[in-house]
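K.L.:
Top line first, the protein sequences correspond to chains C and A.
Just so we're aligned, residue 19 is where the first sequence starts under my numbering, counting upward by one.
Just so we're aligned, residue 773 is where the second sequence starts under my numbering, counting upward by one.
A hint or two may mislead.
Cβ pair distances, simulated, as ranges [claimed, not checked]:
#1 PRO35/C <-> ALA952/A: 31 to 39 Å
#2 GLN887/A <-> SER70/C: 21 to 29 Å
#3 ARG892/A <-> GLY261/C: 19 to 27 Å
#4 ASP778/A <-> THR562/C: 20 to 28 Å
Chain C is faced by these chain A residues, among others (derived, beta-carbon under 7 Å) [what the hints assert, rightly or not]:
#5 GLN816
#6 LEU829
#7 ALA950
The hints are simulated quantities; they were obtained by calculation from the structure and are not laboratory data.
Yeah, the Cβ is synthetic: ideal placement off N, Cα and C, and Gly gets one too.
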Amino acid sequence: MTRFSRIRRRPDHWPTPHARARTRAAQRLDGPLGLAEASWLDAHLTDCAECSAVAAQYDTDRAALRSMRDSLPIPPRDLWARTAAAIEREAQAGPKRGSANRADRPFRGLPLPAISGLAVAVVVIALGAASTGLFGPPGGDVAAVPSADGGPLIAATDEPPSLKPVPTPLLADAGDVAWLRRDPDGALAFTNAPIDRVCPAESRATCATLDDGDESVLDLTVAPKSVIGSPVDDQAVVVSDDGEGGDLLVVVSLPDRRGYPPRQTPEPGATPSGSPAPTATATPAPTATAAPTPTTQPDPIPTPDPAASETPRPLVSPEPTVAATLALANDITLVGQSAAFSPDGSWFAFTARPTDGSEGADVYVWHVGDDQAIRRTVDGASTFASWAGNQVLVSRPADEAAEAGTAPQTVGIDPETGVETAFDGALWRPSISPSGTRAVAWVGTIAFDAANQTWRPAEGRLELIAWPPADPASPDSGAEPPTGQPVQVVASGPAWELDVRWDETSEWLAVWVADSTDSEIGRLTLFRIDPATGRLDQPADAPTEEPALAGFSIGDGRLAWVGPTGEDGEGSYIHVAAWVGRDVGTAESVPGQGIVVVR
Amino acid sequence: MTRAWDKDEAVAFVEQLFAKHQGEIFAYLLRMMRDPDVAADMTQDAFVKAYKNYDSLEKPENARAWLYQIAHRVALDEIRRRKIIRFLPWTGESHGAAPSAEHLAMDGRLSAEMQRALARIPERQRAALLLAELHDLTGVELAAALSVSHVAARALLTRARENLRQALAAERQAAADAEADADAAQATLTDAARRGGMTGPGR
């Protein structure tokens with residue numbers, strides 16, 4: 019059965035021909051290969067006995083599975099009776115959308131500890147689930163204090179240890195967490211760790227730290243500030259300092275992250291410029307080229323001149339994958355924390371401005387497989403908000419000339435054609451849930467930050483709203499809840515920088531807000547949306563206004579972030595919150611330097 | 773645009789859905805969990821969730837994929853929760869005693885070797901394989917059921933096939949090693965018995 023449409027992949031992006039052959043042999047079971055790939059595969063299997071055996075085994079395994087297709091096990095005879103009774107109980111429990119379960123957490127711009135010696139921004143890859151509320155085995159977690167005569171330590175509890183309920187570490191099986199860490203030799207270690215154990219808050223002190231998992235060395239000569247991983251393969255965009263006051267964005271392949279396959283080539287005809295599909299370049303060197311000239315048409319970033327640069331060349335170890343680095347753009351400074359791949363992994367969008375300050379911020383898009391990113395807006399006042407499906411949401415001021423706060427507006431842009439579609443409501447940087455039915459957006463005014471040539475939230479608050487927003491002329495405007503429903507405030511107060519991300523279920527979201535003292539440090543809170551009521555919920559032990567460096571990862575049952583370096587100079591910790599149902603537990607790593615989590 | 777939730781309509785809809793799909797949903801959950809009692813509970817849970825979220829189904833023609841999506845989430849949550857349950861003290865109840873091959877076949881379940889191999893691979897990949905090969909979901913349905921993109925669903929299947937191949941190879945190797953050990957042990961016993969016979973009475 020042809021389950022998927024034909025795909026293609028650049029033939030030069032495989033670690034070995036055998037890896038290519040085995041992947042193609044598996045893929046052809048679900049859909050046709052391109053003619054060229056099918057011919058190549060047939061020829062390879064003819065010459066390679068080992069790959070031929072693997073392909074044959076795929077067929078055999080498939081046949082073994084399919085042999086059981088028609089033998090459906092018989093459900094219990096009373097299953098409908100039980101199910102009907104359960105539904106009846108639900109119906110009698112009351113209206114489907116019941117009492118409000120609203121979390122209204124005003125944001126307080128608390129001062130954070132000064133961060134000294136933090137060499138690299140920390141990015142955390144989220145980790146798995148945790149649950150709380152189970153009692154552990156007798157004798158656990160008893161506090162001890164010295165006896166009055168200096169003798170052996172005695173238990174500080176009043177009751178026998180065997181009777182004291184102690185939350186036990188809980189097995190979790192959420193998604194892996196991947197991060198980069200600079201070791202004492204200066205090498206960049208990439209770690210992909212499973213999350214199999216988290217703890218409720220009251221037993222966190224005795225909870226084992228996260229295992230390091232599999233570690234590989236990446237020969238990246240640049241120091242990554244953030245790493246954004248593709249949702250579908252092993253690609254990642256690494257943001258680092260270009261050594262000239264700006265940022266360098268390069269695309270790398272990370273070793274076997276989450277078991278993702280090597281990157282697929284895009285479908286034919288997907289290149290926006292219409293040029294032939296580009297081949298992978300080997301370590302292009304970023305150069306000091308002129309800043310892009312604003313025009314009425316979006317134009318690509320000038321091709322870097324490999325001969326002219328003294329900027330460090332990013333290199334990635336060829337093991338375990340052949341990693342071709344690709345510089346997406348140069349002479350730019352990344353703005354904000356919203357950079358992200360599209361849900362299908364075919365596009366990458368970010369906000370950036372020329373490093374020399376000659377213009378304001380614009381939104382750039384990179385079609386995976388192309389040589390460079392394209393500047394998709396040219397007004398110098400646009401900020402990438404989030405993806406809505408494969409549409410780029412861009413926020414900009416309604417009145418750029420306003421000196422004080424002004425209302426924002428949001429448009430959706432087709433990344434390929436640049437066609438814009440306006441959305442109703444004065445919303446700034448809405449973050450859309452994967453289900454497409456909800457969003458978290460800044461509702462209020464924005465103001466221009468002259469020092470950074472960008473627009474920021476001014477007066478207002480973060481709200482959970484329905485998406486897409488309704489016509490403001492209608493009674494149920496997007497910035498107002500449907501009639502009778504209270505407004506759901508996610509955070510209020512000063513918000514210098516925002517980062518709001520959803521997990522893939524649209525049930526959990528994390529909100530990071532930076533205060534004005536340092537845009538790289540903020541407070542992170544985990545929220546849950548009650549699926550039955552659609553109301554904001556904050557389960558016990560969910561991280562609430564946790565100090566966190568910019569960059570976190572949420573998904574697959576976990577949230578991961580990096581805490582600021584301690585005042586005593588101790589390195590940063592990776593923190594993980596994971597959940598099952600509504601139960602949340604946490605774990606953390608040993609301290610390290612220069613930790614960056616892959617988002 | 774989602775439909776307004778109406779209790780009577782929701783009940784009628786779920787009843788119809790149950791009549792049409794209870795067998796395959798139960799089969800999927802049984803193949804994921806390998807325990808018929810747990811699978812039955814989870815099937816009930818899935819249809820109750822379908823009732824509660826009836827208004828989230830935008831197009832009735834997508835009901836099957838939507839139902840599998842619900843069942844898949846129920847399965848993932850339960851898998852995680854069952855790992856937590858391992859920390860609880862033994863209650864004396866017996867769960868998951870190894871079924872006989874005949875029992876498995878009559879139950880429509882997979883062979884013991886295939887079950888053990890599937891248990892070795894990540895549950896999302898396992899789910900993708902089961903849904904694609906045993907439940908015959910199309911590419912679009914599979915992506916919807918797994919709540920991933922079309923591309924990601926295909927990637928999951930590709931990885932699943934390779935991991936299953938390796939897991940089955942490991943199972944067969946383990947079986948071969950066990951058989952070789954058993955043969956060696958038998959040969960030792962036979963040899964010892966033969967030597968014992970040489971020193972018996974009458975010599």
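K.L.:
When the hints from earlier in the document are held up against this structure, which numbers fail?
P.N.:
3, 4, 6 and 7
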